[in-house]
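Take the sequences, apply the hints, and build the full model.
If you read the protein sequences in the order shown, they are chains A and S. Residue numbers for the first sequence follow UniProt numbering, so the first one is 1 and each next one is one higher. Residue numbers for the second sequence follow UniProt numbering, so the first one is 1 and each next one is one higher.
None of these hints come from the bench; they were simulated from the model. Nothing here was measured: the structure is a model prediction, and the numbers come from that model. Incorrect hints may appear among the rest.
[To be verified] Below 35 Å or equal to it, Euclidean Cα-Cα: the simulated DSBU-like pairs (lysine-lysine) are:
id	chain 1	residue 1	chain 2	residue 2
1	S	K58	A	K120
2	S	K236	A	K141
3	S	K9	S	K220
4	S	K121	A	K236
5	A	K121	S	K220
6	S	K121	A	K141
7	S	K9	A	K121
8	S	K141	S	K120
9	A	K4	S	K141
10	S	K120	A	K121
11	A	K121	A	K9
12	A	K236	S	K58
13	A	K9	S	K236
14	A	K141	A	K9
15	S	K141	A	K58
16	S	K220	A	K58
17	S	K9	A	K120
18	S	K220	A	K120
19	S	K120	S	K236
20	S	K120	A	K236
21	A	K9	S	K120
22	A	K120	S	K236
23	A	K141	S	K9
24	S	K58	A	K141
25	A	K120	S	K121
26	A	K220	S	K220
27	A	K58	S	K236
2 protein chains.
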Amino acid sequence: MVIKTETVKAIVFDTFGTVVDWRGSIIADLSQWGEASGVHADWSSLVDEWRGRYEPQKDRVRRGEIGWTNIDDLHFEALCSLLPEYGLSNLSDAQRMHVNRVWHRLNAWPDAVAGLNRLKKRYVIGPLSNGNIALLVNMAKHAELPWDSIFSCEHFQRYKPHPDTYLGVCRQMYLEPNEVMMCAAHNYDLAAARSVGLRTAFVPRPTEYGPGQTTDLEAKDDWDVVASDLQDLATKMGA
Amino acid sequence: MVIKTETVKAIVFDTFGTVVDWRGSIIADLSQWGEASGVHADWSSLVDEWRGRYEPQKDRVRRGEIGWTNIDDLHFEALCSLLPEYGLSNLSDAQRMHVNRVWHRLNAWPDAVAGLNRLKKRYVIGPLSNGNIALLVNMAKHAELPWDSIFSCEHFQRYKPHPDTYLGVCRQMYLEPNEVMMCAAHNYDLAAARSVGLRTAFVPRPTEYGPGQTTDLEAKDDWDVVASDLQDLATKMGA
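Structure (structure tokens):
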């Protein structure tokens, strides 16, 4: 029997939701900051609505309706448009920037750092994320993610699931598609990676979107590896 | 008195010569490999001549005489043209590739890893190197260089000292030029970085080119920091 993961030399990770808990981190960060700054709002609802703008915004870039725009800029546009309904129209420019940069201050899921440190000993590891370069570097410093390098869709000026993003990693690293594994908590990401030849690993994050999450609760295809978390992925990948 | 380095948030490093000892590493690697493989040659001379082709090759790219060509490809072209005079015309394709990839297997100067680990606690650190992405990632794995991210001239499709390379780091990281420090063992690199506003740190590597080195033995300008090595740089930068 051929083990399909034996060829793997590098593993790249979706970050938002797969490696870091964006929703929990943002609610905690902004609640604490709001408390200290005297700025009160329903941060949970704001975060959910903010994140809800994300796919439609990227779709506008994907369809070419607007030119390449990175995530920090998309986040800022969405944030500013949401502030009035949350009673936050009075935030200063510096405060808006601080709130927008909360995406640079996300915390890892409890298993992530230990799992990545194990995987790093055997594989090249990096994010392959729609996040922009500065965001991913700052997030890694904040959350102590031990990446070997940062692969950002900003490098490729394309958002996942465009094939150029997955194949861009292969090209930059001189690796064949079957030497690169995509790890994600989102089935669509793995389907796109598989369609261009990458290996795939699914890790469920059933509370990424909060307690009522209905999507991506389980693997929707026979991905090469299905692991319970990144520690389990390390075990299953022999690291 | 204003300390000009107080603004610094990220430090980027020239790699070949500044962080890794390319000449010593290559002679040792190929001598050992040649011994094991029954391939005999004057590796020291080959390395010196190989490296001698490097600036003229990059100049052809800089002048636009040839399109963007990365370092692995430039190295391979130069290597193949040098093999006959070293009696190595019979090397197989796999052997040529193994020899060419020696640039991915360079070792750090003795002070480098400890110095970088100290600097990483306080600053974002990365290479800003003419080396291509795969080379820099593989070199970091091999030499245990704890980069936060890889800044390669391949990302910018320009070789240093083009301003786009230094300013590209600033742009990607949302940093002002005076928030980024360039560290190099080569005065020309620092002059170019300073000309676009970066901070500068010189570290002499007087045996980079072997015992007879005549260039870059000392700082040729009043760089913001002159350190004896990367441990000393960490001390001088308060890390």
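Numbers of unmet hints, in rising order
5, 12, 13, 16, 18, 26 and 27
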